[in-house]
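**Q** Take a look at the letters that make up each chain.
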Amino acid sequence: MPIVTYRDALNQALREEMERDPNVFLMGEEVGVYQGAYKVSRGLLEAFGDKRVIDTPIAELGFAGVGVGAAMVGLRPVIEFMTWNFALLAIDEIVNSAAKMLYMSGGQIPVPIVFRGPGGAALQLAAQHSQAFESWYAHIPGLKVVAPATPYDAKGLLKSAIRDNNPVVFLEGEMLYNLKGDVPDEDYTIPLGQADIKRVGSDVTVIVHSKTLAVAEKAAVRLDEEDNLAVEIVDLRSLRPLDTDTIVASVRKTNRCVVVEEGWPFCGIGAQVVDEIQRHAFDDLDAPVLRVTGADVPMPYNKQLERATKPTPDRVIAAVKRVTYRD
Amino acid sequence: MAQPIPVEPLDPDRVNFYIGLLRRMLLLRRFEERAGEAYAQGRIGGFCHLYIGQEAVATGAIAALREDDYVFASYREHAHALLRGTGPRAVMAELFGRVDGCSKGKGGSMHLFDVKNRFMGGHGIVGSHLPLAAGAAFAIKYRGDDQVVICFFGEAAVNIGAFHETLNMAALWELPVVFLCENNRYGMGTALERAAAVYDVYRRACSYDMAEETVDGMDVLEVHAATERAVARARQYRLPTLIEARTYRYMGHSMADPIHGHYRTKEELEEQKLKDPIEQLSQRLIDQGLLPDSMRAILTQAAEDEVQDALTFADESPDPTDQLYTDVYRD
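Top to bottom, those sequences are chains G and E. Going by the working numbering, the first sequence opens with residue 1, and the numbers climb by one from there. Going by the working numbering, the second sequence opens with residue 1, and the numbers climb by one from there.
Isolated chain G (complex conformation) (with noise of 0.2 Å):
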């Protein structure tokens, strides 16, 4: 099987779906001749023409909301945020206009978008550029979220996003674009909706998303080794809709979790995991949950700094000894 780079796979997505579907256009700032500030969409100007792939002024709620009024007349946009940090102030043709016109016009208007680009902490990009966006987007009926780890599972995500009927958040790991990994030639995509049990163990349940993931697999790599703990690793993939039936099975197996997220700790992605976990798998839990996050802060420039408040393998390592009794 090839191996493709999360950014080569992302490109794949695009481009299969763009010569796929002719409503399929992409929109951004420098996603055209600079051929994308992070080139996920490098060649697609050349291979697609200035009528799909259409760079705009930083503008970023005048372009959201152009991709929301031409889905909401049967084109398939797909927005590129250069990163999520910008679409703070797209965020209300992405909230008020793509996520609920379809409720409030009666069900008449289905607003077929996908809002994409990079988000999660970075390297040393301080507080404005260095954040993650989840549970923002994720509180919002009307709106899909997604957030691939793998350039496996960024690609079919992607496509199935884009082939979605409903607006899609897809967040991309700024970090994660260079990450490599096995992605088949042959057409393929990944429901939204559904979790990935990227390992099986049978002693304590990691749930991740995102650059997360990396975090976890080191995490229980060492576990194994140095503890002899059996860990499993649930990759929700999507966080809304969020794949409960997976979660819960997992924790049924293991009796023990541990919940990894960049974002704060204040209402995030963590919090609403372990709410589904004790109302559907009380009876089953050996130890409370532990979520392991970013730091409640703002994004310290410096690199010490920085470092003490992302979740490393040390952290999860410590609050899987702690779920289970190790510690």
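One should not assume that every hint holds.
What the hints assert, rightly or not - Computed beta-carbon distance windows for the label pairs:
(1) E:GLN288 x G:LEU88: 54 to 62 Å
(2) E:ASP322 x G:ILE91: 28 to 36 Å
(3) E:ARG330 x G:CYS267: 23 to 31 Å
(4) G:LEU88 x E:ARG330: 57 to 65 Å
Claimed, not checked - Distance condition first, Cα-Cα at most 30 Å in a straight line; then the derived DSS-like pairs of lysine-lysine:
(5) G:LYS218 x G:LYS303
(6) G:LYS39 x E:LYS116
(7) E:LYS273 x G:LYS51
(8) G:LYS51 x E:LYS266
(9) G:LYS180 x G:LYS303
To be clear, the hints were calculated from the coordinates, so they are not data collected in a lab. Here a beta-carbon is modelled for each residue, glycine too, at the ideal position from N, C-alpha and C.
Knowing the structure of chain G, use the given hints to seat chain E on it.
**A** Same frame as chain G, now just chain E:
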């Protein structure tokens, strides 16, 4: 009192067109009057923004459109939906929050939608529908079609970022869209002069090298003619236009707001009513012998009958009780 400005005589060959405009404006006026009463009676809830006084703008503009053109509007949009062909029954039932409303009772006064008549809402955040309208125009150009989009918004929207971002992209990308600013002078209680450094709205177009025009928004024929020019520009050359129609609302910002008080005087309101769009057109028709007295009465009664029928229909329509969780996602 100032002398009235002389106007061009009406063309007798177009009498049916003029009477059609008058008939529509009478319907809008009566619809809004009765909606206001129903609101006061508690039969309509939430925010309800009436269009009384501004009828000439939407009536003149929408008469310049083809059936397959798109209309986007703000939350003061009962008239625009009615003019687009959404029946008074479906609009009134929506105001009443009933299942037979044009948005199944889930949108309300601010979120009327009627896709089959290309009425694309009904948007509640000031300025946020301007990018949507440009997006529909983008789609038209993308497909190589020749429809036009018209986007109605109040003058207060010209100070929000979405206005500038949208006009820039519409001009840059040469999109077939008409931006029609309904300048009724007040954003809620703030006069435009107190909110904008440049308060001749049409002048904003020069920032984007966009065609512009300003018209008397109390004169339905002037609005119609200006919109026809802008629509032709959009359809033939795919170029946007900014039209400023200077109009006036007789009611408060919404039914929850005072009609006059701290921000404007009763005298100002009464003076503006002398330019009433319905009376202006009616008087011109009568002066030229094109509208018999009896016909004005017949049109008024027909509007009343239609609105009464809509009120009865809305009253009898059920609540959308089984629709709470429908239409959140589309399969």
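**Q** Indicate, hint by hint, whether the structure satisfies it.
**A** Evaluation of the provided hints:
The given range of 54 to 62 Å is respected by E:GLN288 and G:LEU88, whose C-beta atoms sit roughly 58 Å from each other. Roughly 32 Å separates the CB atoms of E:ASP322 and G:ILE91, a value that falls within the hinted 28 to 36 Å. Between E:ARG330 and G:CYS267 the C-beta distance comes to about 27 Å, which sits within the given range of 23 to 31 Å. With their beta carbons about 26 Å apart, G:LEU88 and E:ARG330 fall outside the hinted range of 57 to 65 Å.
For the hint linking G:LYS218 to G:LYS303, the alpha-carbon distance of about 21 Å falls within 30 Å, and the restraint holds. This hinted pair does not check out: G:LYS39 and E:LYS116 have alpha carbons roughly 41 Å apart, beyond 30 Å. Straight-line distance between C-alpha atoms of E:LYS273 and G:LYS51 comes to about 49 Å, which puts the hinted pair past the 30 Å bound. Pair hint G:LYS51 plus E:LYS266 does not hold up; C-alpha atoms about 53 Å apart against a cutoff of 30 Å.
In summary, the hint linking G:LYS180 to G:LYS303 is supported, as the alpha carbons are separated by about 26 Å, within the 30 Å threshold.
Hint check: violations occur at hints 4, 6, 7, 8; the rest are consistent with the structure.
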